[in-house]
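S.K.: Please build the complete structure, drawing on both the sequences and the hints.
Read the sequence shown against the working numbering and you will find it ends at 1215, with the numbers running on by one and no gaps.
Keep in mind that the hints were calculated from the coordinates and are not lab data.
A quick note: this is a predicted structure, and the numbers were derived from the prediction, not measured.
Some clues are possibly wrong.
Here are the computed lysine to aspartate or glutamate pairs in the DMTMM-like style, where the Cα-Cα straight-line distance is at most 25 Å [what the hints assert, rightly or not]:
1) K1206 x E1140
2) K1206 x D1188
3) K1141 x D1122
4) K1206 x E1196
Have a look at the derived ranges for each label pair, beta carbon to beta carbon [claimed, not checked]:
5) G1198 x D1124: 15 to 25 Å
6) R1195 x G1143: 13 to 23 Å
7) P1162 x P1208: 35 to 45 Å
8) K1206 x S1129: 13 to 23 Å
9) D1124 x P1186: 17 to 27 Å
10) E1199 x R1137: 17 to 27 Å
11) D1205 x H1127: 16 to 26 Å
12) P1148 x A1211: 28 to 38 Å
13) E1199 x G1173: 11 to 21 Å
14) K1206 x A1163: 27 to 37 Å
All residues carry an ideal CB built from backbone N, CA and C; glycine is no exception.
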Amino acid sequence: MRLALLMAGITALALGAVGCAETSDDTGEAAASCAYVIDYDNRHYSDVANIDYRLGEKLGTATQPPCDDTPGHGDDGEPAHRITAYAVQGLDPAIAIAVGDAPDDVILVAVREGGELPPEIDKLPRLAPEQE
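M.R.: So this is what it looks like as structure tokens:
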């Protein structure tokens, strides 16, 4: 399951989805990319990598907001995506949840106050390099 969690995190980062930020491409022109953000219960969560955790019960449905990382380029961007939210054992859902389309393919996401992870997340064990 840990490998599945890592792969899900890598896939999510690669696909992106929300919260556009400008970067520069090889030509020096501005290019945009979307950060992975989840909305659930009036809170915004972002992904957390390399943390060992246990999945809890199904909570309901979360939303991955729409992303248009290249406005004005003739496409409508990616639409909002509904995704299942799960509790994380030992953590309040106001701090962190796991999201995914199936319980064996989930991503840990947490609310970041001032860009920092909650201390409860820092207390969780890190995945060993061979488990990443």
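S.K.: Does each hint fit the structure? Answer for all of them.
M.R.: Checked hints:
With a C-alpha separation of about 21 Å, the suggested pair K1206 and E1140 falls inside the 25 Å cut-off, and the hint holds. A hinted pair counts as satisfied when its Cα atoms are at most 25 Å apart, and K1206 with D1188 qualifies at roughly 23 Å. The suggested pairing of K1141 with D1122 holds, with an alpha-carbon distance near 16 Å, which does not exceed 25 Å. For a cut-off of 25 Å, the pair hint linking K1206 to E1196 stands: about 16 Å separates their Cα positions.
The hint said 15 to 25 Å for the Cβ distance between G1198 and D1124, and at roughly 21 Å that hint holds. Against the hinted window of 13 to 23 Å, the Cβ-Cβ separation of R1195 and G1143 comes to about 21 Å, which satisfies the hint. The given range of 35 to 45 Å is respected by P1162 and P1208, whose C-beta atoms sit roughly 36 Å from each other. The beta-carbon spacing between K1206 and S1129, approximately 19 Å, falls within the hinted interval of 13 to 23 Å.
Roughly 19 Å separates the CB atoms of D1124 and P1186, a value that falls within the hinted 17 to 27 Å. For E1199 and R1137, the hinted distance range of 17 to 27 Å is satisfied, since their beta carbons lie about 23 Å from each other. A hinted range of 16 to 26 Å holds for the C-beta pair D1205 and H1127, which are about 19 Å apart. Roughly 33 Å separates the CB atoms of P1148 and A1211, a value that falls within the hinted 28 to 38 Å.
For E1199 and G1173, the hinted distance range of 11 to 21 Å is satisfied, since their beta carbons lie about 20 Å from each other. Restraint check, K1206 to A1163: a C-beta distance of roughly 33 Å satisfies the suggested window 27 to 37 Å.
When held up to the earlier numbered hints, the structure conflicts with none and fits them all.
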